[in-house]
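2 protein chains.
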Amino acid sequence: MSKIRLSTISTTAPKKLDKEKIKAETREILIELDELQNLLYAQHKYSVLMVIQGMDASGKDGVIKNVTGTLNPQGCTVRSFKAPSTEEAEHDFLWRIHMHAPGKGMIQVFNRSHYEDILIQRVHKWIDDKIAFKRMRAINDFEKLLSVHNETRILKFYLHVSPEAQQQRLVERTEDPRKMWKYNENDLAEAKLWDKYMDVYEDAFNHCNDIPWIIVPADHNWYKEYVIALTLRDTLKSLKMKYPRLKK
Amino acid sequence: MSKIRLSTISTTAPKKLDKEKIKAETREILIELDELQNLLYAQHKYSVLMVIQGMDASGKDGVIKNVTGTLNPQGCTVRSFKAPSTEEAEHDFLWRIHMHAPGKGMIQVFNRSHYEDILIQRVHKWIDDKIAFKRMRAINDFEKLLSVHNETRILKFYLHVSPEAQQQRLVERTEDPRKMWKYNENDLAEAKLWDKYMDVYEDAFNHCNDIPWIIVPADHNWYKEYVIALTLRDTLKSLKMKYPRLKK
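Sequence order for the protein chains is A and B.
For the first sequence, the numbering used here puts the final residue at 248, and the numbers step up evenly by one.
For the second sequence, the numbering used here puts the final residue at 496, and the numbers step up evenly by one.
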């Protein structure tokens, strides 16, 4: 498989696409997802793990609100991973992650994930490369465990924004009273580490691609949401699920 | 490494050993363990996972009571794994196990463990060999995760009893009012599957030996407890732990 180079991948929607048409199509997909999620839950065989990664202000919360937010919350849960708690840091880095792996029939969304342990931690040199590459192998083993041993379909999305789009959104957070709660004075300092983040992201993509990453152009929210809804729909459809028969 | 063949390993204490001397030595070791456990907890770097496996009536509960029962319960917890709950069965077989992996500084005891998923499940053909061997690979990955990524020292003990000793203990449970609570009518049926259990245990030992199994002759409780206390003591000593300096 050819290597993923973020600088060669567009952050914008393909020019030929019509925004309103795509938004209408997304609405149709979300209606289809309703029935597909019901089947997933009823058949109780497969589960889906959606990993949402991306730089600050890349639109992770928006995906969760607009795509997975339309699903039945009985069968869809979201977990945000922040800095590890004291208890979590007592354990290996996958311990707190494993606890939130989806049970059969469930769709679990990770807002950030185990990948942070090879991203922010590398950028700030809290871990060295040797540990980072060991962790990548552990991540591959772990994702295999979920998929082979519990029929979990893992969808790993990277929300690919340009540094300009990020900057604009971060500034908005300082100006828009409805967005100020999201502002973190640390974000601007982190944004200056852009190139370093791109390097470690590329390593994550290229070394943890047994279950492939999906790079989502994310400068336009309507396109980003369309790609993610479409991927989820196609994944669920490919499972050829059936409602279980009445037990006698 | 040469293959483990249970039929070639004695289930009894070496004849030359003096029971009373060994019991006195075990008491000394338990006193040493008190200080070593304190160090483990204070240094907060390593942890220990003791996996206790064995046939019914092989003396698992006795080890937990007499060896680990003397440790400081603030730094030592025991988890018994029974048939999976409905929630646990929704997940891959290591999900419920991972949750109880020891945090730094802790000694965690597993009374039965993830190994049951390649033992009882194989004997009763709830899983086929293909799944069993896949699980063994997942177990190796998992144990590596704990040891490489959280400095957990894993001690896997198999309490090796003879079928005659087991039979005698099971009969005792039907006759001794203090032991009747342990009796399970299923145990006698399981005991008839002895040879099948030995086969699947040998597979577990020979395929999941990256972190080596310790086969403990267990017909004599005094010897079994000595071996386990000694192994734990030597493991903790080998860590060359030091009390942390005062933080300034």
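Honestly, the hints are just simulated from the structure, not real lab data.
Only a predicted model underlies this, so the values are computations on that prediction, with no experimental measurement involved.
Some hints could be false.
[Said to hold, decoys possible] Below, a list of computed lysine to aspartate or glutamate pairs in the EDC-like style, where the Cα atoms sit at most 16 Å apart:
(1) Lys430(B) x Glu336(B)
(2) Lys373(B) x Asp282(B)
(3) Lys237(A) x Glu32(A)
(4) Lys196(A) x Asp129(A)
(5) Lys82(A) x Asp187(A)
(6) Lys444(B) x Asp377(B)
(7) Lys382(B) x Glu88(A)
(8) Lys444(B) x Glu335(B)
(9) Lys352(B) x Glu87(A)
(10) Lys144(A) x Glu391(B)
(11) Lys352(B) x Glu88(A)
(12) Lys144(A) x Asp389(B)
(13) Lys293(B) x Asp187(A)
(14) Lys179(A) x Glu35(A)
(15) Lys134(A) x Glu391(B)
(16) Lys45(A) x Glu336(B)
(17) Lys293(B) x Asp129(A)
(18) Lys392(B) x Asp56(A)
(19) Lys490(B) x Glu283(B)
(20) Lys490(B) x Asp282(B)
(21) Lys430(B) x Asp443(B)
(22) Lys182(A) x Asp56(A)
(23) Lys382(B) x Glu143(A)
(24) Lys125(A) x Asp203(A)
(25) Lys485(B) x Asp282(B)
(26) Lys382(B) x Asp203(A)
(27) Lys104(A) x Glu336(B)
(28) Lys237(A) x Asp129(A)
(29) Lys104(A) x Glu338(B)
(30) Lys392(B) x Glu32(A)
(31) Lys104(A) x Glu335(B)
(32) Lys134(A) x Asp389(B)
(33) Lys134(A) x Glu335(B)
(34) Lys237(A) x Glu88(A)
(35) Lys488(B) x Glu399(B)
(36) Lys427(B) x Glu338(B)
(37) Lys45(A) x Glu338(B)
Assess, step by step, whether the Cα of Lys392(B) is no farther than 16 Å from the Cα of Glu32(A), and give holds or violated.
-> Between Lys392(B) and Glu32(A) the Cα gap is close to 42 Å, so the pair fails against 16 Å, i.e. violated.
Given the hinted pair Lys444(B) and Asp377(B), is their alpha-carbon gap at most 16 Å?
-> Holds, because 13 Å separates the two Cα atoms, which is no more than 16 Å.
Holds or violated: are the alpha carbons of Lys196(A) and Asp129(A) at most 16 Å from each other?
-> At roughly 13 Å apart (the allowed maximum being 16 Å), Asp129(A) and Lys196(A) satisfy the hint.
Quickly compare the C-alpha distance for Lys237(A) and Glu88(A) to 16 Å and report which way the hint goes.
-> 36 Å, violated
Take the C-alpha atoms of Lys293(B) and Asp187(A), compute the straight-line distance between them, and say whether it is at most 16 Å.
-> 32 Å, violated
Proposed proximity, Glu143(A) with Lys382(B) (alpha carbon, max 16 Å) = 14 Å, holds
Straight-line Cα separation of Lys488(B) and Glu399(B) no greater than 16 Å?
-> 14 Å, holds
Straight-line Cα separation of Lys392(B) and Asp56(A) no greater than 16 Å?
-> The hint is violated at about 33 Å.
Taking 16 Å as the top limit, are the C-alpha atoms of Lys104(A) and Glu338(B) close enough?
-> 5 Å, holds
Mind checking the alpha carbons of Lys444(B) and Glu335(B) for me, to see if they're no more than 16 Å apart?
-> 29 Å, violated
Straight-line Cα separation of Lys430(B) and Asp443(B) no greater than 16 Å?
-> Cα-Cα ~23 Å, so violated.
Would the pair Lys293(B) and Asp129(A) pass a check requiring their Cα atoms to be no farther apart than 16 Å?
-> 21 Å, violated
Of the numbered hints stated above, those contradicted by the structure are hints 1, 2, 7, 8, 13, 14, 17, 18, 21, 26, 28, 30, 33, 34 and 36, listed in ascending order.
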